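Undergrad: Hey, can you work out the whole structure from these sequences and the hints?
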Amino acid sequence: MASRYNPRETEKKWRARWQDAQVFRAKSSTEAGDAPKAYVLEMFPYPSGRLHMGHVRNYAMGDVVARYRANGYNVLHPMGWDSFGLPAENAAIERNADPRGWTRQNIAAMKDQFEPLGLSLDWSRELSTCEEDYYAHQQAIFLKLWENDLVYRKTSKVNWDPVENTVLANEQVVDGKGWRSGAPVESRELEQWFFRITRFNEDLLQGLEGLDRWPEKVRIMQANWIGKSRGATIRWPVAGKAPDGKTTHIDVFTTRPDTLYGASFLALAPDHPLTKAAAAANPDVAKFIKEAAALGTSEEAIEKAPKLGVDLGFTVKHPFDPDWEIPVWAANFVLSSYGSGAVFGSPAGDQRDLDFARKYDLPVKPVVLPPKADAATHTIENEAYVGPGTIYNSDFLDGLSTADAIEAAIKRLEDLELGTAATTWRLRDWGVSRQRYWGCPIPAVRCKSCGVVPVPEDQLPVRLPDDPDFSAPGNPLARHPTWKHTTCPKCGGEAERETDTLDTFVDSSWYFARFCDPKSKTPINKTEAAYWLPVDQYIGGVEHAVLHLLYSRFFARALNACGLLDLPSGEPFAGLFTQGMVTHETFKNASGQWIQPDEVEMRDGALVEISTGKPATVHGVEKMSKSKKNVVDPVAIIGDYGADVARWFVLSDSPPERDVQWSQEGVEGAWRFIQKAWSVVEASPEQDDGEATEGDALELRRLTHRVIKQVTQGIEQFRFNTAVAQLYELANAMRKAESSSAPGMGTARREAARTLAQLVSPFAPHLGEECWAKIGGDGLVATASWPVANPDLLTSNSVTLPVQVNGKRRGEIVVPKDASNDAVEQTARANPDVASHLEGVTVRKVIVVPGRIVNIVAS
RNA sequence: GCGGGCGUGGCGAAACUGGUAGACGCAACGGACUUAAAAUCCGUUUUCCUUUUGGAAGUGCCGGUUCGAGUCCGGCCGCCCGCACCA
Numbered sequence: 001m002a003s004r005y006n007p008r009e010t011e012k013k014w015r016a017r018w019q020d021a022q023v024f025r026a027k028s029s030t031e032a033g034d035a036p037k038a039y040v041l042e043m044f045p046y047p048s049g050r051l052h053m054g055h056v057r058n059y060a061m062g063d064v065v066a067r068y069r070a071n072g073y074n075v076l077h078p079m080g081w082d083s084f085g086l087p088a089e090n091a092a093i094e095r096n097a098d099p100r101g102w103t104r105q106n107i108a109a110m111k112d113q114f115e116p117l118g119l120s121l122d123w124s125r126e127l128s129t130c131e132e133d134y135y136a137h138q139q140a141i142f143l144k145l146w147e148n149d150l151v152y153r154k155t156s157k158v159n160w161d162p163v164e165n166t167v168l169a170n171e172q173v174v175d176g177k178g179w180r181s182g183a184p185v186e187s188r189e190l191e192q193w194f195f196r197i198t199r200f201n202e203d204l205l206q207g208l209e210g211l212d213r214w215p216e217k218v219r220i221m222q223a224n225w226i227g228k229s230r231g232a233t234i235r236w237p238v239a240g241k242a243p244d245g246k247t248t249h250i251d252v253f254t255t256r257p258d259t260l261y262g263a264s265f266l267a268l269a270p271d272h273p274l275t276k277a278a279a280a281a282n283p284d285v286a287k288f289i290k291e292a293a294a295l296g297t298s299e300e301a302i303e304k305a306p307k308l309g310v311d312l313g314f315t316v317k318h319p320f321d322p323d324w325e326i327p328v329w330a331a332n333f334v335l336s337s338y339g340s341g342a343v344f345g346s347p348a349g350d351q352r353d354l355d356f357a358r359k360y361d362l363p364v365k366p367v368v369l370p371p372k373a374d375a376a377t378h379t380i381e382n383e384a385y386v387g388p389g390t391i392y393n394s395d396f397l398d399g400l401s402t403a404d405a406i407e408a409a410i411k412r413l414e415d416l417e418l419g420t421a422a423t424t425w426r427l428r429d430w431g432v433s434r435q436r437y438w439g440c441p442i443p444a445v446r447c448k449s450c451g452v453v454p455v456p457e458d459q460l461p462v463r464l465p466d467d468p469d470f471s472a473p474g475n476p477l478a479r480h481p482t483w484k485h486t487t488c489p490k491c492g493g494e495a496e497r498e499t500d501t502l503d504t505f506v507d508s509s510w511y512f513a514r515f516c517d518p519k520s521k522t523p524i525n526k527t528e529a530a531y532w533l534p535v536d537q538y539i540g541g542v543e544h545a546v547l548h549l550l551y552s553r554f555f556a557r558a559l560n561a562c563g564l565l566d567l568p569s570g571e572p573f574a575g576l577f578t579q580g581m582v583t584h585e586t587f588k589n590a591s592g593q594w595i596q597p598d599e600v601e602m603r604d605g606a607l608v609e610i611s612t613g614k615p616a617t618v619h620g621v622e623k624m625s626k627s628k629k630n631v632v633d634p635v636a637i638i639g640d641y642g643a644d645v646a647r648w649f650v651l652s653d654s655p656p657e658r659d660v661q662w663s664q665e666g667v668e669g670a671w672r673f674i675q676k677a678w679s680v681v682e683a684s685p686e687q688d689d690g691e692a693t694e695g696d697a698l699e700l701r702r703l704t705h706r707v708i709k710q711v712t713q714g715i716e717q718f719r720f721n722t723a724v725a726q727l728y729e730l731a732n733a734m735r736k737a738e739s740s741s742a743p744g745m746g747t748a749r750r751e752a753a754r755t756l757a758q759l760v761s762p763f764a765p766h767l768g769e770e771c772w773a774k775i776g777g778d779g780l781v782a783t784a785s786w787p788v789a790n791p792d793l794l795t796s797n798s799v800t801l802p803v804q805v806n807g808k809r810r811g812e813i814v815v816p817k818d819a820s821n822d823a824v825e826q827t828a829r830a831n832p833d834v835a836s837h838l839e840g841v842t843v844r845k846v847i848v849v850p851g852r853i854v855n856i857v858a859s
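Residue numbering for the first sequence follows this note's numbering, starting at 1 and increasing by one per position.
A few of these clues could be false.
Stated by the list, open to error - Taking lysine to any residue pairs in the SDA-like style, the calculated list, with each CA pair at most 20 Å apart, reads:
| id | residue 1 | residue 2 |
| --- | --- | --- |
| 1 | 12 | 675 |
| 2 | 623 | 666 |
| 3 | 519 | 122 |
| 4 | 484 | 519 |
| 5 | 628 | 617 |
| 6 | 27 | 675 |
| 7 | 365 | 336 |
| 8 | 290 | 181 |
| 9 | 808 | 783 |
Rather than coming from a laboratory, the hints here were simulated on the basis of the structure.
Since we're looking at a predicted model, the values are computed, not measured.
TA: So this is what it looks like as structure tokens:
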């Protein structure tokens, strides 16, 4: 009688063995010897205290890669905690928790939840960004960047909650109001710290080209984010007097100088100096500025808002025609952070400009004639024409293509000294100041006589105080009774500490380098980093496609520039994979509240809430979230079914880059597989029984070797779902073989069992070990060398080809693998199913694709 | 609004560089075993027409290229993600 596989006992046993044998400890560059290195990294988690299925999927994927690489490579597969951030402050405010204690507790709880997953992690390298031994080094890095002019201060806008007197994060702004106070937010100017990421804009753009193991879509998103655009800066002379009484011209950047003759207005950002100046004399403008500020600072909110503007009451002269005066407006869709914070509106060629012109009844003159359109009849109604074409209605530009007209217009502007060719970038410098407690303190001091002074390196770290006061809104560091009072490192006089802390994106911009030697006395051990970096495979959510990855790429370059890192490519992640989310069905009860999926069942063909018996409704498949009550707790699943089942499930079915839908049925399917895999291995014979060279035994061997090849490829190409499908096939074939007494079958089954144990082990590592032990494998399967497919068993002497007549499949022929095209054609024509479709028609052409298909064209 | 992506059976999906559409799993249905159930095992399952043999249609929609299109091109529709202070 076959025994049932018991994950509860088995999994614990193997984790203890791995632990005892220290199999996942990475060797340093000096210990490693000849083995090549493989650095496998998953984006480290924020320690919410609760492991969720998204983590399980992310780390299961990384673990497949790391365990597969363990064969032949010195693998670094570390784990740490991205432990600064807003949630700890929210907990402090909402339930009076101490951020440090709360965070440490969460880490401990989450680590406990990680343990049963059986991940091949090197915990000896664990790091946590909120601890001094991490952030002290980050402060040292900050000082180096400062020395190298990669840090500076300037004023910029924040979301200000006027009731709480505090700065709000974008996510704390809901419909233009503070999430706690409900008060309309204001945008307020504050002096803040910036990293000069734009110094590397060209290099960050160029570098994308070399990242051939990154998803194309991420590279495109980054390129668009950096946003290099070529065009012209155009100088518009002010006609008469500007609102401030002194400005003589307004500079405007455009990518479309070819449409200059279609200009019908200039639009300035709500916070452009001239807009502010106009507000002094015009209450309408003042009102407009106030309304625009209430949108908050997010680009999304600004661009989604209905287009509004106000006439600023003065005009500028058209650069090509001094007699042509154009009104100047302020408009809420103009971003002060891009270009010069001013645009010229050419409504026929830009949808936003057109919407604006229609709303305020400004002229719309078409200047670009689309190909094949007629100049006499072409008009613009409510849809702008943004494509290429021929310029008309445009004086000296008439008849030129849009591309030529851009050049000609720039040339003329330069001759008139009213403009120059220019390149602008969408990328702005990275604002890193946060007016918050739970972050890395910025090592700077403000002295009345010396100004802003860096804290000397030997006085680091600047520690966070242990006793923040969250009883009032605002930054606890700023109102701490003693913390900020210090002496100036330069003059020794009274001074105040900087009370801003660093954006948590800074913490995650260099942790991958710290992992190379997390105990290093310097921020980064350059020797170890040179050995391990770049990360060979980085895995995480696509939501980080732009910011985190771009900041990390910036950091690698900045650290190089400061001499803290030696990574010539500047690229920290050679391979990147972005995985999809874990989703689950959502349900609501009769009163419209979200209810958990397990509170719902089918009764007489209708969905009801179990506790009340009242009808329930389905609300689609959504990302697992607490608010929608569709979260499945991995700890519970692992408790019931074991980690291998959870891992197997999240890797099955859906391709890794796509979302996977959690379902109870799917979990049970995974459970069945784990049981089946164990049972087919357990049932395999103890002894070989001769060579498996023919019949069913040979077929099983062929399958085994095909599966080796496909699973190996599946892992290397991140197609875990197809690898999983192959393992199902192998297990199914082994079950079938149990009733066969073909000669050599015992040998073939033993080979299949050994192979299954090995191939399954990156996915379901505990099961892999148990199977490996059962068939008497040497040592641990975790360290066994990966099987290699025998090429002789991957090919066969004959091949089955479909035969089409006029593109429709009519029959199938079996021909020798190396048959000539003529022979194949003859066989195909002779096939009765094919021949019946050739009666009464003339064959015009026969296409033979060797090894693929035959298509007979006849009429 | 801007940028990016995705769309194939009842469901998740597979299909190498254009070459037999639907591997594998889930669900459903039928059967075996069982006193019964659970578990397990075997089989059927894109749709429509046909008693069968077989035929037709079919990869979001419309059109194009090709001997041949899920795959390439153009236009649309729908859904999802990011937008700089969430991480």
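Undergrad: Does each hint hold? Answer for all of them.
TA: Comparing the hints with the structure gives:
no. : hint      : verdict
1   : 12 / 675  : holds (17 Å)
2   : 623 / 666 : holds (17 Å)
3   : 519 / 122 : holds (14 Å)
4   : 484 / 519 : violated (29 Å)
5   : 628 / 617 : holds (13 Å)
6   : 27 / 675  : violated (36 Å)
7   : 365 / 336 : violated (27 Å)
8   : 290 / 181 : holds (19 Å)
9   : 808 / 783 : violated (51 Å)
Hints 4, 6, 7 and 9 from the earlier list are contradicted by this structure; the remaining hints agree with it.
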